[in-house]
Every structure is written in structure tokens, then in C-alpha cells.
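Chain F is already provided as a structure; the job is to place chains W and A on it using the hints.
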Amino acid sequence: MKWKTPKTFAALLLATTLLIGGCGNSGNNASSNTGSTGNTGNNAENSQNAAEDTSPITFTFFGADASPNWNNMQDEVGKVITEKTGVTIQAEYDVGSGGGEQKIALMTASGDVPDFIFAKGSLSKLVDAGLIMDMTDLIEKHAPNIKKILGDNMNRMKYSNEDPSIYQITTNMGVDQQSFDATGGFEIQQRVLKEFGYPEIRTVKDFEDILRKYKEKYPETDGQPTIPLTLNADDWKIMITVTNPAFLTTGAPDDGEYYVNPETYEAQLHYKRPEEKEYFRWLNHMYNEGLLDKETFVQKDDQYKAKIASGRVLGLISQEWEYQDGENALKAAGKDEYTYAHFPVTLNEDYVDHSFQSAGLDGSGIAITTACKDPVRLIKFLDWLASDEGQVLMNWGIEGKHYNVENGVRVVPQEIQDRKVNDANNFNKESGISLYRAFTVYYGDGVKDPSGNYYTTNFPEQIVAGYTEAEKETLAAYGATTWKDLFPQESDFEPKEWGALYNMPVPTDGDYQVIYQKTQDIIRKRIPEAVLAKPDQFDKVFDDFLAELDKAGAKEMEAEYTALVKKRVSLFTGKDVQ
Amino acid sequence: MAASKAFNATRSEKVFDLINVILMTVILIVTLYPFLNVLAISLNDSTDTVRGGIYLWPREFTLENYRTIFNYTGLIQGFKISVLRTIVGTIFGLISSSMLAYTLSRPDFRSRKFVSTFLALTMYFSGGLVPGYMLMRNLDLIGTFWIYVLPGIVSAFNVFIIRSFIDGLPYALQESAKLDGANDFTIYYRVILPLCKPVLATIALFLAVGQWNSWFDTYLYNGNKPHLTTLQYELMKVLASTNQGSGMVNANDMANLMAQVSPESIKMAITIVVTLPILLVYPFLQRYFVSGMTLGAVKA
Amino acid sequence: METLSAKNESNFLSVTPSPPKKRKKGFWQILVQQKYLYLMSLPFVIWCFVFNYLPIWGWTMAFQNYKPSRSFGEQEWVGFKQFIDLFQDERFYLVLRNTLAMSLMGLVFGFVVPIFFAVFLNELKGTIFKRTVQTVSYLPHFVSWVVVGGIITKMLSVDGGIVNELLLTIGVINEPIQFMAQGKWFWGIVTGADIWKETGWNAIIYLAAITGIDKELYEAARVDGAGRLRQIWNITLPGIRTTISVLLIMSIGHLIGIGFEKQFQLQNSLVLDYSEVLDLYALNYGIKISRFSYGTAISMFTSVVSVILLLTANGIMKKTTKESIM
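The listed protein sequences correspond, in order, to chains F, W and A.
My numbering puts the first residue of the first sequence at 20, with every later residue one more than the last.
My numbering puts the first residue of the second sequence at 12, with every later residue one more than the last.
My numbering puts the first residue of the third sequence at 7, with every later residue one more than the last.
The shape of chain F in the complex, shown without the other chains:
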């Protein structure tokens, strides 16, 4: 060999490293081959006497959401599950912001998938790579409980018209779930309502008037300036408090960033509806009148919550989970009259709040991969979890320990209830209650089992028991027992035929995602600009905003989306949609 130049040298290096790399590669292949041969043997063996098979087996799992309380099944419920089924789940959950996109991309590229997976929005990537198993037959043959719970919803489990396989079963929401309370709408402090004798709050005008009157009467709260209304625009929360209310106040249901015409199934970005422009005009008016907090679009999440916790914010337009921390601090400080009441406020009396229009069962869930060691054993395990015994164990815990049966009624002992409230984190981790629910389909709140008890531990009586005195006083004044009583009910609306569109898979290649991201960037920038504009400038800013959306390709994106919505309607309902 001649060592002429550094080039030769580099070539040698290359050769060496390729050799190393090559060796590693082939070694790996060999080992994975033997692995799969072993599995095949296992498979055959297991499927023969799978009926009562409770021999120990471990299934690997990846969950795209974080689950900080996962304790490797060393919790009380987990031990019972392993004892009864022989199954141990070796789970890995995504950390941080969750979503698992990166992990799943790597799984797709390498083919290294666990036995089963909760892939959330990334399922289609795994399906495209041929890594997900069709569960149709497995459910048909081995999973009577899952079949029973899903019932009529089986259509909704199908992947698409072209590929009607069942790749996942919905496990991140309960079947036939009922909401017992309203937690959204427009919020007003109890003390404000009391001051003016609990007036009717129906439109944004009513909302505005009461905030203004109170602010004029009491410009300061505990020595600090009173803030009539503040919103949270920190990152994605801008959707919750600024942009989503635009469709909620104008009589449209939540379909993410879109509005779907219920007759034609045409989808468009909801901002394009003329009535929503009027909503943003109202926000603009609120800002120019000095009623909307100046810092709305600048403040960070914690500043927003601190303002709420100080009790000086009279009104909010949000969801309870979004501002809960602030309200909890108020409750802890004994300032119950500073907490918030909920009203189904709309732009004017022509609109009806659609918060409770049902989207039916539509979510993400568990999928079994083609790498699964023993799919039959796994589906049987999932089915056991979906049985009445499994559901009660997952939701209520262990009889005699976490609940007792008194005269046929399941009762949670007081000390357990106290721990659930005061030491929730540690209790969940030790007991494992509700930790396993996401592994299978389950009945939602408000559904009763054959013994006449609820499957879950949430029921209406609890909601009322959880209200503060101030809340009860307000509710009584409006002649209601829960906030939900003030809202239009589920029964007032037809369920949406297209489900919840924010769960609909969208194309991952092509321009769709790019245009979507562009429109998002425009919305995040232009909506605040429109709200903060001078009133006479508002029209121009808003119209420019709409024009900019179309310039970014919104029309093409909407057309693509419309086609998907139509397909979805026909998949879900069996209708022939043109």
C-alpha cells in the first residue's frame, strides 16, 4: 500500500470504518432474525391454549403522551392486573411536551417498534410504513368486551374508505361520556354578579356592560387597578382565549381551526366567517375602550395567572382548565367571591352556544404493531381490561382497599376520598387508579354497569359537592344547580356527522402542512394586530388579514380539507357524500 497523500489515508479510514459499521450491522441483523424465529414458535404455542393463558409475558409499549406517574406496574392496581392476566407492560412514555413525533419518526425509519403503541397524531406514519396490524379480526374473534363497548362506533374505528382496516381503538376518551358541568363560555366573578343583583348575561353587550359598570364603581381591587377583562395569548393558548371564542360566540361548534357547513360539508378557516369579524371588532372595541387589558398580547402565562390569582380580573373568556391554577390560588386564600361563573355568551341573541354539540366517539388510541410477539394474547389482555371487572378495577381500584360495596353500592371510604383530593399525585402513583385506562376502550362518566353503579368515579352529585358557597349562591340566583344548566344541552343539537375534526388525520406529504403552518403564523400575528388597531383601521387590518390567508394558499388547503371531511362523513355514517 502506498501512503501518498492524505487522500489515501482518508480512503483507508473510510474502509476501516465501513468495515466496523458493516460488522455492527450484520451482527444486528442476525440477532433480530433469531429473535423473530423465536417469536414465531411462541406464537403458535400460545394461540393453541390462549384461552386461560396467564403465564408471565411482557409486552413493550410506547405512549406519545407523558405519564409521569407510571411506576412499572408496581402500584396496587398494576400488581392485580399482572396477577390476573400474567401480563407485564414495559412502557415508555414521551417526555416533555409530548406528542412523540420524533420517537415515532425514528421508529418508522428503523422499524424498531414496541409491541403496541399509543401513537396519537403520528399513527398514519406507522401505518404507511406497514408497521401497524389490522385489528378487525382480532377484535372479532378474541375481544367480545371491546366489541360490546364500541358497539355502533365500530365504523368510526376504520382508517379510511380506501383502507377500512382497524388500526387503532379509541382509548383517550370514554364511550358515551357525559359532561356534568360547563367549564367554558364567558366567565364573570361572583362578586361582580352579586353587586348588580345577578342580571341576565346573554350577549357580549351584557358582558361588556357589567364589567364596565363594576370597573367604574371600583377602579381598584385590594389597592391594585381592577382589570375588567384579560386574555392569555402566550403561545398556543391564544387559541383558547382569543380565537376559539370567535366561533363559540357565533353559533359554531369546535372543529379546530375550521368551520364546516353542515349542509354542504364545505370546510373553511373559521376566521373567514363574516360574523367572526364582528366578534373581533367587539374585542377591538373592548381594547379601545380600555376594558381589555393592555398587556393581553405581551404577558406570559404566569403573569396572566398571577393577575387572576390576585382577584382583580373581573371577566375572562376561557376554559376552566386553562385558568384553574389562578382560581385555585383564590380558593386557597378563601376569596371564593372572586372565583368565576360561566355563561353561554354569544355575539347577539340570534346565536346559540354550541359548546355541548356532541362529536361522538372520536379520538386516538391503542394500536398493535407488526412486531408484536403475540397479538392474540395482547388483544385478550386488552379485552380483559375492557371487561366489567377490568373497568371497575381501573377506575375504582381494589375492593376493600379503595372502595367498599355497601348494599350493592360502591362507596369510596372517606380517607381514600381525602387522599384523592389532597394528595392526588402520590395517591395515583401508589394506587395506579386511572393509570391504565388509556390502554383500552372504556365507558365514560355517567354510564352505569349491570350492578347499577357508575363505571367511573365521577358523577353529578360530586360536581355540586365541589362548588364553593359563592358559586352555589350565584347558581341559586339564576335558578340552576350546575353551570351546565345555563347552557344549551347536548339534546338540543344533532351530533356532528364528521366527529371532532381536530382528530382527523391530514396528509403528511404535499403542501397541506406547509400552508397550514403558514396560515397559523399569519393568524398568530394578524389577529392581535386587528384587536389592537384603531377602530377606524380595524376593517382594513382584518380584510388584509383574510387576503393574506388566501395568498398563502388557504383556498387550496380548504379544498383539500373539504374532501377529507366529506370522506369522513361517509365513512362514519355510510352516507354517500358528493
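Hints are computed from structural coordinates only; laboratory data are not their basis.
Owing to the predicted nature of the structure, the values given are computational and were not obtained by experimental measurement.
Ideal Cβ placement from N, Cα and C applies to all residues, glycine included.
Mixed in with the good hints there might be a few duds.
[What the hints assert, rightly or not] Pair ranges (Cβ atoms, derived):
#1 W:S23 <-> A:T175: 26 to 36 angstroms
#2 F:K570 <-> A:W239: 31 to 41 angstroms
#3 A:R103 <-> W:D151: 42 to 52 angstroms
#4 F:K570 <-> A:F89: 42 to 52 angstroms
#5 W:I98 <-> A:L45: 43 to 53 angstroms
#6 W:F196 <-> A:I168: 54 to 64 angstroms
Showing chains W and A alone in chain F's frame:
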């Protein structure tokens, strides 16, 4: 020496010292604040923290946030792995960077330009997520401890920093050693290394902090190996943060995520738990790079 | 030392045109002669090749419409489409402007401040005070950008923020200023925050370099009656010149890839046109929406620009100051 200094101190010297002390005191206060703030919030009741307005002192003192963190399993295990990777990674990193730095500092080294260019370029590109993963997979490193240490052994940045230090040393020392019959390795080991203590301490700190703080490699490669996860990774699990979830459009997901968001106080307690161990290393290294202690090192 | 290096280079160059026979022999001789040097560098070069250079095959993705589900042979090749898309996107130029603006400000201020801090810290007399300042100054490095972002937003708030309160009290302004709502101030705020957070940490390298300066030089200067500032100028700064140059060259190479964490944590919807940087753009329009190829094209662009910057900086420094890394 102090006496001679005092003797020479003129009026302008005193003014200089005074201004300098004032300036440094201001910097001291300004840079101490964020850490004290974090500490105060970590010791404050988490519900009360939401009210804001906590600066240097907790309003409602509690150790509950720390108790919550330490209740998570896997922390002890994670701590062990983190310490191990920090020690092993630092030692390997020091050996490689100092050897490379020495060879590159030798003006007569034949491949000096090639090697330094070859190294320098690595600072500015990477193949990306997928190729990186495939490489680790082909090398059979996934699911092993070595994946924490091996990929990062050679760091061009560290090499160049050490080399710049060696360049500042008198070359005569090497030459006289050579005349005494020492080979290149002996010079490196007996002459260069002892003189490089200050810069090696600095690089050790960089390497140690880098190793200690990293969690993404655990996440990518060893997340399903409970016996190999690191402390940072375990704490990332506790820290369900929504800060980067700006791509979500799903109200359900948002609500679910919100339910998991750790309260501010717990996040701060995690910061403290993560930072304190590595801060404890600091005094041992600091004596080497704050001058006044190493006087005469060059002469020795 | 510089003369030595120059001499060696002329040696190196003179070898090239000589006949191959002689050159070959020369190489072997040198190899044997410098065997320890090769033993101490070659293994790491190979190492570096495996872990840093091999994954570069991933750059092929920039010329594909990459899908993780397809194997390498099945990928669709699209030529320069990703780059054309990139260069045709107006937003790309906006984020490039922001990136360069903030990194240049960072280079001017963020680079100089730690040097001054290290030098003046070195002038402190009390060892304990010196160590305390030094230890404390690097603490903010360990506080994440989320926390620092929160602290800064609160300080600059119009709702009781300390900066506005202060300005109101001393009468500079009559009405609180919305600092965070002004796009034009965003770059400055980011730069300031970065200096606050990283100065102490970045100064450590210079402190180490200062300890390498021969103490006798100071003694001699003092005997000559040089004041402290003169000593700094004549001894300390020249003593750490090599370190400064090396760091400067490397930082110039990093001008275009500055991460997005700090901008992300400090931004709000009113300053988006000034806050978005290339790395965040690459995330939002690349990996996050599974456009691996586009993301790769951006990172390739960044790498190429970085390497050009690095080589230019290295060349200029070599010519003007004789200090370089390559």
C-alpha cells in the same frame, strides 16, 4: 507581594480598585438574583406561587415540592447513571482533547493542517436525527451505557481551547525535554499536562456540565431501559411542560396536557435538584482557573 | 513560536513539488519520527470520522422527498426542489435577517463583555471576594431560558414591572412603556438577556487563559511604574490573545446557527416579525410537520454558510494577526 503592591498603590490605583469592587458587587447581585428567585419559588407553596410576587424569599415556606419530586421512583438509579456518565465522559473527553490539542500545537506535526480542518468542520454540521439514530443502531450502541460517552468523545471546541493554551506556553520547555531524550508522549504527559491544569479544569467543567445536563440521548436511545436512564431524563418525565407544544390544535390534548403541567414551584425545585450536584463539583475545579493560586506553575 | 510555525510551513510546502520518490521517503521518515503524535491523534480522527462524518449521508435527504417509511432505495429524488422552495420563501429571508441581526449583536457585545469581565475580575485583590463573584456569576447559566424569559418579561411589564416603576419614579417617563410590545427593541432585549445569563460562564475560559500568563511580566511592569490599566493593556490582553482569536473564529462560524430557545421564550405575538430565527423556522416548517427533507436542506444551507464563514474568518485572522485554528 501584597506588601509591594500596597507600597506601589497610588491614588489612581485606589480609585481603580474601588470602581472595580463596586462594579463586581453589582454583577454579583444581578447574577445572584435569578438563582435565588428559583430557590425561593421552589421552597414556596405551589398554589400560592401562582399569585406571583415571589422574589428572594418564599412567602409560604414548604418542602412539599421537593418531597413530591423525591417520591418519584428511578431518581436514585438515574442519579447513579448520571454520575457515572459524567465521570467516564469527562475522563475520556479530557484524554482525547488534550492529546489532540498537543499534537495540533506541534508546529512540526505533519498532518496538522489536515487534522485541524477535519476537526473544525465537525462543529458546524450534523447529519440529522435519522442518520444519527441509524449509525448508533448499526454500531449496536442503542440500549447500552456507552452511547452516552462514545459519540461525544472528540470535541473540536475543547481541542482548540486547549491548544490555544498550549500555544501560550514557552516552547523552550518542550525543546529542553526533547534534548533530555524524552519522546513526544513523555513530553505530553510529563511537561504539557501538568502545565495545562487551568485549561484542563475548564474543559473538565464544560464536559462534566454537558454530560450531566444531557437528557436527549437518553430519550432517543435508552428511554425503554429503566436501568440506564439518567437523572435528567427521569426529571424530564416529571416535568410535563407545554412550552414547546405550539403545534397542537386539539382542544382535548390541550386539556389533557394542562392537567399534567407541573406547577411552577415543582419546576423550580427540579432546577435546584438538577443543578446542585454539579455546582458541588465547582469549587474543586475553580482553584485551578482563578488565578492567584497557581503562581509559579510555569516555573515548576 | 510563530517563526517556528512559519518555518515548518515552508518546509511542508517545499516538499510538494519535489520528486515523488523523495517525497514518499520523507513521509515515511516523518511518520516514524512522529509516531507518537500520530498515535495520539489518529485514533481520534477515525473516531471523529465515524461519529461526525458518516451520518452526513443524511444530507442526501435534502435532494429527496424523504419519508421515514421508505427504505433508501425507494426514496423519491427531487433534485434541488427543497432548496428552491427555501430560497423562494419570503419568510426565509425575514428569519435570516433576524438571525443575523441577533447573532451580530451577540458577537459584538456577548463576545466582548466576558473578556472584560474576566480581565477585571482578575484585578480583584481579595481571593475570597474574587471567588465568590466568579462562582455566582456563572449561576445564571444553569437557570433555563423559560425562567429567565419569565423574569425579564416581568421586569419589563407595564403592570408593576421594576424597570417602568424605576423610570417613572425618577421622572424619565410619564407613562409606562410596553418594552416587550416593540419589535425594534426585541433584538436588544435578547442580547441583553444573553449577556446577563452567559457572561460568567463564558468568562471561565479567559480566566483559565489568564492564569497561564507568566506572573513575572506583571512584576516587571510594576517596577517600570505601569498602572493597572496599562498592565491590562500590555500584559493581560496580549496574554489571552490566542484564546480570544480562537473563540472569535469559532463564534463567527456559528453566526447563522444560534438556536431558538431564548427568542422563543422571550417572544410574543406582537414581535413575531423580529423574533423568529432560522432554527425555529427549520423546526416549524421542517421536522415538526414531518418535512425531513426541507429541514435537512435548511441545515445543509446553515452548515455550508457556517463553513464559509469559518474559513473566511480563519483566513482573515491568519493574515492579520497570525492567529488561526487551522
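Comparing the hints with the structure gives:
1. W:S23 <-> A:T175: 26 to 36 angstroms: holds (35 angstroms)
2. F:K570 <-> A:W239: 31 to 41 angstroms: For K570 of chain F and W239 of chain A the Cβ distance comes to about 57 angstroms; the hint is violated.
3. A:R103 <-> W:D151: 42 to 52 angstroms: Roughly 45 angstroms apart at Cβ, these two residues keep to the hinted range, so it holds.
4. F:K570 <-> A:F89: 42 to 52 angstroms: violated (23 angstroms)
5. W:I98 <-> A:L45: 43 to 53 angstroms: Given range 43 to 53 angstroms: violated, Cβ gap about 25 angstroms.
6. W:F196 <-> A:I168: 54 to 64 angstroms: Cβ of F196 of chain W to Cβ of I168 of chain A: about 58 angstroms, so the range 54 to 64 angstroms holds.
Consistency with the previously given hints fails for numbers 2, 4, 5, ordered from lowest to highest.
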